[in-house]
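My request is simple: use the sequences and hints to build the entire structure.
Chains as they are written, first to last, in the working numbering: chain U, 1 to 498; chain L, 1001 to 1498; chain P, 2001 to 2498; chain C, 3001 to 3498.
Honestly, I wouldn't trust all of these hints.
As the list claims (entries may be wrong) - To spell it out: a stretch of chain C is covered by chain P in this simulated footprint if at least three of its residues, at any positions, have a beta carbon under 8 Å from a beta carbon of chain P; those stretches are:
1) 3033-3044
2) 3273-3284
3) 3434-3445
4) 3453-3467
5) 3474-3480
Claimed, not checked - To list a few chain C residues with every Cβ distance to chain L over 10 Å, as calculated:
6) Ile3013
7) Pro3115
8) Gly3120
9) Arg3124
10) Phe3183
11) Lys3296
12) Gln3306
13) Ser3314
14) Asp3349
Quick caveat, the hints were computed from the structure, so don't treat them as lab data.
We put the beta carbon where it would ideally sit given N, CA and C, even for glycine.
Protein chains: 4
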Amino acid sequence: MQTIGHFINGHTITEDGQTQPIYNPSTGEVSKQVALGGAKTIDEAVVAAKAAFPAWRKTPPMKRARVMFKFKELLEKNADEICRLIGEEHGKISHDAAGELQRGIENVEYACGAPELLKGEHSRNAGPDIDSWSEFHPLGVVAGITPFNFPVMVPLWMFPMAIVCGNTFILKPSERDPSAAMFIAKLMKEAGLPDGVLNVVNGGKEAVDALLHHSDVEAISFVGSTPIAEYIYTTATAQGKRCQALGGAKNHAIVMPDADLDNVVTSLLGAAFGSSGERCMALSVAVAVGDDIADKMVEALQPAIQQLKLGAYSDKENDFGPVITGAHKSKILEHIKSATDQGANVIIDGSGAAPTGHEQGFFVGPTLIDNVTKEMDSYEAEIFGPVLQVMRVQTMEEAIQLINEHEYGNGTCIYTRDGEAARYFVDNIQVGMVGVNIPLPVPVASQSFGGWKRSLFGDLFMYGPDGVRFFTRRKTITQRWPSAAIREDKQFSMPTLG
Amino acid sequence: MQTIGHFINGHTITEDGQTQPIYNPSTGEVSKQVALGGAKTIDEAVVAAKAAFPAWRKTPPMKRARVMFKFKELLEKNADEICRLIGEEHGKISHDAAGELQRGIENVEYACGAPELLKGEHSRNAGPDIDSWSEFHPLGVVAGITPFNFPVMVPLWMFPMAIVCGNTFILKPSERDPSAAMFIAKLMKEAGLPDGVLNVVNGGKEAVDALLHHSDVEAISFVGSTPIAEYIYTTATAQGKRCQALGGAKNHAIVMPDADLDNVVTSLLGAAFGSSGERCMALSVAVAVGDDIADKMVEALQPAIQQLKLGAYSDKENDFGPVITGAHKSKILEHIKSATDQGANVIIDGSGAAPTGHEQGFFVGPTLIDNVTKEMDSYEAEIFGPVLQVMRVQTMEEAIQLINEHEYGNGTCIYTRDGEAARYFVDNIQVGMVGVNIPLPVPVASQSFGGWKRSLFGDLFMYGPDGVRFFTRRKTITQRWPSAAIREDKQFSMPTLG
Amino acid sequence: MQTIGHFINGHTITEDGQTQPIYNPSTGEVSKQVALGGAKTIDEAVVAAKAAFPAWRKTPPMKRARVMFKFKELLEKNADEICRLIGEEHGKISHDAAGELQRGIENVEYACGAPELLKGEHSRNAGPDIDSWSEFHPLGVVAGITPFNFPVMVPLWMFPMAIVCGNTFILKPSERDPSAAMFIAKLMKEAGLPDGVLNVVNGGKEAVDALLHHSDVEAISFVGSTPIAEYIYTTATAQGKRCQALGGAKNHAIVMPDADLDNVVTSLLGAAFGSSGERCMALSVAVAVGDDIADKMVEALQPAIQQLKLGAYSDKENDFGPVITGAHKSKILEHIKSATDQGANVIIDGSGAAPTGHEQGFFVGPTLIDNVTKEMDSYEAEIFGPVLQVMRVQTMEEAIQLINEHEYGNGTCIYTRDGEAARYFVDNIQVGMVGVNIPLPVPVASQSFGGWKRSLFGDLFMYGPDGVRFFTRRKTITQRWPSAAIREDKQFSMPTLG
Amino acid sequence: MQTIGHFINGHTITEDGQTQPIYNPSTGEVSKQVALGGAKTIDEAVVAAKAAFPAWRKTPPMKRARVMFKFKELLEKNADEICRLIGEEHGKISHDAAGELQRGIENVEYACGAPELLKGEHSRNAGPDIDSWSEFHPLGVVAGITPFNFPVMVPLWMFPMAIVCGNTFILKPSERDPSAAMFIAKLMKEAGLPDGVLNVVNGGKEAVDALLHHSDVEAISFVGSTPIAEYIYTTATAQGKRCQALGGAKNHAIVMPDADLDNVVTSLLGAAFGSSGERCMALSVAVAVGDDIADKMVEALQPAIQQLKLGAYSDKENDFGPVITGAHKSKILEHIKSATDQGANVIIDGSGAAPTGHEQGFFVGPTLIDNVTKEMDSYEAEIFGPVLQVMRVQTMEEAIQLINEHEYGNGTCIYTRDGEAARYFVDNIQVGMVGVNIPLPVPVASQSFGGWKRSLFGDLFMYGPDGVRFFTRRKTITQRWPSAAIREDKQFSMPTLG
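Structure follows, in structure tokens:
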């Protein structure tokens, strides 16, 4: 059985040591092993990254960008293989993996703009014959820790930007589905990246802790659940590292009485059940304003849901696949049960799903629950499964309050035709990413990704303009050239340039 | 004796409770008392600030900026009184206080540009008929904790920007010299600021801790010493708050063999001894490259130093005044003594300074120490007194290494005429603010202020463009308006807009 | 009788020479004379401006901005006097003049942000150890030619930005109402502007032509009618000058069936009749989509229009005042008559208006014309009077086509509640400034003002970010410092930095 | 013999009609014919471009950029063929053509950043509940007219940016060497560009005039000589078109006494003689400050020049090739003769150059002329040949004055080690592109290209940030959504949002 090792200083490393099984979630079988790197492996990677830093930071941004141009080509050329690796270990259907990859490539494309993105601000005559300007320097060795649900996209949110800014990088991908990340790291080498600039270390908590405590790691970028995000953030910042840690979500859609119901239904299907709901931007709660629209929506959703197909990643006809592990499946089923127990109305229950030929796979069918209320456990938690819960409120104000009181503030959406309703919602909602008639408002690569409240720890969002700022450090120069002819008098006051 | 109270919700509050003496450092006498607010006072201020937030955040930036325009007028009109308050409690000479105030006003001027500074980024057709844009929203209630050495400038680095961005603010100024901060807070009210938007709470560690632990405080901006900065930063971030904490410094000037020596000497005098060296940008170490320039520099410095005048703040003829307390004076004298003990050459010793008529004031005379080496305690520590230490190296490389190995990375300067030397230094020095023939490279208000290494904890610099970003939170909207004629098909793949 | 002279090099100049009467349009009487400068006067002004340029361009932007801060204070302090001068010569009611002034002050406020606005773009390591950056340099002596209808606002669109960018300026205000411009020019001197940086030359075509042909004038900014704008633009560009020339307008409002009719009516009143319709952003055509909304709108407008009050500028109860001259009044009456003749339905005819006590003033009452069609002369022309014409179409598409086919493309507005309608309109309308439920979408000072098609000649809009770019010239520096240790080989290929 | 036709609406068009010979300048022989399109051909191209516009402008920038990503790949894949086509018709050596191509590709790379570059400026709460933002819309059909000397690079300065901004394009390349432009236009189609978005019409003055007078052409971008540039600019602007027209140059290098002479000599060789001096950035005048450095420089240049090799494009050992035509060769020889006649000292005379085997080619050898003065014809004119003229001045001030008095202001360079000298030169020189120790300071693609004075007609530079602005038109939207609960009062004053 294949063991996935590490990728350090341009070479694949397979050491003896602890490993952990990787499952094929469609079949429930172990398909590979992954090495679990510890402090020693992390240190090797840091040493390599630190050694590669001085030359890489001095490489002009235009040249660094050209590695990204080539990398984009290679990602596109190898798209099928990447989607296969994703499907095999994560389970998402190939068209979904292709969408994930495309979103990742968008970030590579954005990184190609490094010469523009890294421009500093130049103040000519900040004072008399004094110029001042800011430069944005790379930080040094930085690291990314990424989740199982987007094994390619989230790494591509991080390392292309970090690297094009002049940093060297250590990626710790999810130990559940590390193969795609390993594969694309090697494509970076093929694209011309010098050895040591990008390294991949596989592992679990030990590897994470080693990164958090290594004195030569300058910054950590993380995506995962909120408790871990909080741990990462407080540990990293206490160690003097820069950190951004993205956590959980509970994304609500407000359905206004004037919404275009056909669009609402078709778009909710994908937003709630796509990728089995294992997306931090999954729309898991539909808040209908008024019982009239609620009833119509629930009625229209039912036949549509019943036609959904689930199965293995390789069949494009499938709408979505299994969840990541058996343990995770059990947790989802518990949530469905608790909703029933606490008085919600489970209209369609996907607990028993078992696609023919994949009976041992970790499948949960699409589940629709009506009359959910805010005290229910299934509402408070991020279920991360194919479960759409419907809530009913009487006013938009009530819907906004509901969302603002939830601990998460990642994404949200309003369905309406009304300009005023949309503007009011956007202004008053305490959520970082807001859709107007867009169920999954994942920002394009030229904007930035991030939630509010306990969905993000840190000052800056991920990728886009904020990504540039996260992976660089400002240096401000103030310069004057002495003229032989002029002698200045001593100055004891606080000097002012103006 | 006057007791300085608090300024909450537009009113001066004087409660019973603990107080602490304020000294006039020129005479060594207690001149006033300052109230020491605790958790209750902080809570009152937070309640006021929170209540003021909803209306203030909705006030258009252009209107918020107009308060700043008026505030600038009032600061200029009341400049003499502000400088008097600074001089009386801090001791700095009136011309120096005027420079401090001017630097603060610069930041008010910059905040007047809010309509430009707060512009979001608009992506038309991020996808087909889909627009996306980012808005920069205020955080809510935010706080600033400021040091004794710039009782007006550092508060003005923080609250104008925070407030013009739509936040409401609590200032905790230094308990050593709080009067000027109280005074300017009232000018903000006079300028038209609604009550509760700016509040001042006086106090010490208890007030600081109350701010750090209050759940309604969203962000903390701090300037002080490194140990406190680190405490503030780790505590605030562990509490889920945004934080930037600026700490200590040890600012070196490299004097190259081709430097214009006359300029070096006159500019070093002000940079080392101005404000008694109690500036985080004070140039306290001159690193001469080659003994030849070192000898000439030391020789030229001596007569110049001997002519410096020290005394009370009110006499403009004085070059600098006392240090802040008797305890701080003792610490400086210990540093001078330790330098002698450890083998340095104390050429001019200011330990016994006692200006006529101010014999009880906390004065330390200008001190010049040659042949300092990096192992000495006086080199490692931030002395924060009128002490200039000279080091000798043989190459620029050696000088750069020295600076890069110091724990602080706030400011530095190179004196040279050579373009290549300057560019090489700027590129390789691990310091946030770099001067080329500028001894105190404090960035202008349109750039940002911050150090590297243990001189700053946090992602973003203070004031300028980084200040805008620190005091705002990104919200990204993605918007599409459904067309009645078009029905979209359900989409289970990860949606891509492009 | 007072003669308004020129303001050159900081001094008021009254020469013998040609003059022209200035009327008080409320009474129809001549109140003052204005000097008509010719080539000689222009040359004096250019000489002064050219002499002032070298020192002014080297003055740091922060210092230049401080003149603007002071100027803003003075404008506010002198607001009543400025509004009186406007009212006396232009006739607009004092509240309207105050609005004009406020809009002008907005641009002064924006100019205060010069240190931010003038930042160049800095590319560190554009190539290996090569830096490159752009600086934005002032052009030199530049000129503004401004119209009668905004005697203060339009000059304030131009000279504060031009001057804060480092240029020196010659203003040629309208000869109909030059006093307010002269007054504020003197305030600039009081604000600390060095002599010669701002000059005012009064006059007519001779002065204009002298500016157009003076070889030391680098750029011309113009606002007026389209035929003159075209003349100015083609002449200036043929002379090698930079030019932006803003011309006429015909601003349509589309009233959608779902529009909030009460808001439409109240906002149309001000937008159509405010300042007697003598605004290039006046909303002079209301295009109703469907006869139903058209009928309701026309019905609701009538009683509202009949309550409008017209009279002299000094009575705040008045809604609007006279038009600028008797000749202009006649032209407006002709347009009303032609509409009748060509088959439109003149519902309210203001031709005979004669407010008691001002029977000789140049008054035209509010006029409402229904059933206007696109072939009518009154539709094709810019009437520039208090005349609101109503057109009827059956679809939004038809309304858009109508607007896109008009030769002007200055401003437009859609009244609707529907997000899709607004977005579709904004995207497809060929107009530079678009309002959604905003009848006069004059951009704020931090955006820029300009029309499309024959409403603007030139590449860049006026004021705001485009204003900065119009009044500056890019200079791009590419810099490398030779290292003594490295000898480069000769290079005959086209050099590439990357 | 092959006839080069046109490329319209995705197809190569070969019509009957006028043609003109294309020479191989290395042999002096006619190698192909080129079709000379007239008004009819231009109209066909405009019709195609206009038809393609509506769909292309609505294509999201991210998708438009992806055509550029693919185009870059294809340019790199076809580099050898492109360089061969350039060499065959222009004569430049293959390594030089490769450099040209690389510089062109840089601009394609920059255009890939369209999603970032086209971002508008968003003002939330420009007024109370009023948002305002600017969008940058494409102009429509735009055209580029390009010179013989960079048959690939200059087209790539224009059409990628124009097209990625959403415009459709007509290229009129030089009729001397049109094949490479035709070739890359077809690569754009291969990259996925819809038909009609990019069209190539070959021809001479008739085609140019047809473009200038076609009412559907919105903008013209031109590079060529100053008299033609001026004609293009005044004609286009008189026709209401946007225009930028780049003309001639006379680029001086100031050689300061402290310059690194070895670097000066090697870099001058390439800058003066590379591409036979047929570059608008060629460094054709070396101004030595002081006779000492002048003498040393002239002495060092001579042996270096004598080792230069000239010959056909295909031999990489050659340093440069022939000039473009026999007529141009004659004009260069006349300039050399006139210099002799007017008293200059022709040290090396390349007039008789005739590389073995290419005796009929249009070759001029490297020519060095000393003691040139500003009255000489050879100084006033742009020679555009391999002729380096040396002038001698006594001070930098004198050198600056010389340059500032020349009618051109394209590029310049200072050789020095001194920071002050460089900064003073940069600040005071009236030239658009300034090198410090960089002889050909062609800005990188993320900056912009343009000269001052009579080297550029228009407001905006070419490519880079200015290129984006040139090829887009600002539209500013101001939006408010009416709230049912609030009725506004009519407003007759000039509305202010703040």
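Going down the list of hints, with the structure as the test:
| no. | hint | result |
| --- | --- | --- |
| 1 | 3033-3044 | violated (count 0) |
| 2 | 3273-3284 | holds (count 4) |
| 3 | 3434-3445 | holds (count 10) |
| 4 | 3453-3467 | holds (count 8) |
| 5 | 3474-3480 | holds (count 7) |
| 6 | Ile3013 | 32 Å, holds |
| 7 | Pro3115 | 6 Å, violated |
| 8 | Gly3120 | 4 Å, violated |
| 9 | Arg3124 | 5 Å, violated |
| 10 | Phe3183 | 28 Å, holds |
| 11 | Lys3296 | 21 Å, holds |
| 12 | Gln3306 | 31 Å, holds |
| 13 | Ser3314 | 39 Å, holds |
| 14 | Asp3349 | 37 Å, holds |
In summary, the structure is inconsistent with hints 1, 7, 8, 9 from the numbered list given earlier, while agreeing with the others.
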